[in-house]
Amino acid sequence: MPSSFEREHGRALLILDTGPIRELVLFHAVYHFKFQRLKSYLQFIRSPESYDQCGNFIRPFRRKTTSASVVCEINHWIRETEPTGQLKLWNRVYDEFRNMGMDEDVVKLLDMDSSSVARSGPVDVSLLEIAKKQSGLSPILLTIDRPLQCEGQQAGLRVQLIQDLLC
Amino acid sequence: MMPEVMPPPTNSKRVQAWVYAVINPVIENLRREVFFLAKGNITWQGDTKKCEYIRPICEYIQYSQMPNYEDFLADPLNLGFREKFEEHDGALSAVESSAAEFADGLIRSDLFQKQVKDALEQYQSTARANGQYLYLGSLPRAVAALLVNRIDVLPHHYGTHDFWEIYRNNFELFREGTSFQSVKRAADALMAVSAKLLLCLENHRQMLCRTYDIPAAQIP
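Protein chains in written order, with this note's numbering: chain B, -13 to 153; chain G, 107 to 326.
Read the hints as simulated data drawn from the structure, not as lab findings. Model, not experiment: these values are computed from the prediction. One thing to keep in mind: the hints can contain errors.
What the hints assert, rightly or not - 20 Å max Cα-Cα, derived SDA-like pairs, lysine to any residue:
1. 190(G) x 177(G)
2. 74(B) x 170(G)
3. 156(G) x 18(B)
4. 20(B) x 177(G)
5. 20(B) x 168(G)
6. 155(G) x 147(B)
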């Protein structure tokens, strides 16, 4: 059931962690572009039905954003794949960002609490900071990472695990 | 006098290099080409004016393996492949230039620009748009690429999903003109060349593997 805020304003802001972006890019590469070797990297979105379920969750949000740190994390992942396919994967990431209208926010290291960075890493902390800064929009943070979900919920933020969206 | 060319021995490393570094990646990519072309999708990108997933044959080979590619083409055992690869690349070039001509024609067309503008205005006035962004880039160029690649359905989370679902049929008339027919003809010709080359390479790989007793892929 949508909350009263959602009923009034629609879904305003979705913040995406690395995991969901990677899953969307990978599924598209494997099933639409036949890069079968990448199939083993898929963790949750493994069928057209789950891809559609995830897409239908993302679709109503008027704004989607991520952290610049997430782009660095995507880079680390792509560097672990076969060198010949890396440009194609980056092209898929660009396509995904362009087609989703993905925005990017930068959270400076010095603006993050050092003990939080030491505990959870700068990527997770930056995503939580973006969610806190945009709290007026009642954002939802989409991730595959349970510790980040716990951390976010403890901070009073709304965090959605991709695996919980899929039947 | 040229020295006599000796046939490679059984388990020849040279033949293995042809199979693993040349034939296998080309077969993998040709299968992808045929998959896309069978759906009419030439994977054309407006910004580069190239087909993203259909490339000249030499681009399917890792740069470090180019000497093996050149050796493959030079050896009489692989006679005819240089011409077949050239035929493929020529057919691809025809597809890319006809697609660019079609898309450029659309972008220059006042009728097309007006139709995109009208559709966008109409879409934005509906509740379905709900203040959502549509596309980060030029919408006319995006629509032109969707028409070139004959895309019917977009993923649900794409900003253009709803727009394309509603207005796709309104743009169909642009695919009836002669310039789109030339894209279609070029794509059909490339499909025939790619499918023939794929079959030829699969048969050639089998012949090499049997004759020289080598596995068709490297065993880890």
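Hints versus structure:
no., hint, result
1, 190(G) x 177(G), "holds, 16 Å"
2, 74(B) x 170(G), "holds, 18 Å"
3, 156(G) x 18(B), "holds, 19 Å"
4, 20(B) x 177(G), "violated, 29 Å"
5, 20(B) x 168(G), "holds, 19 Å"
6, 155(G) x 147(B), "violated, 39 Å"
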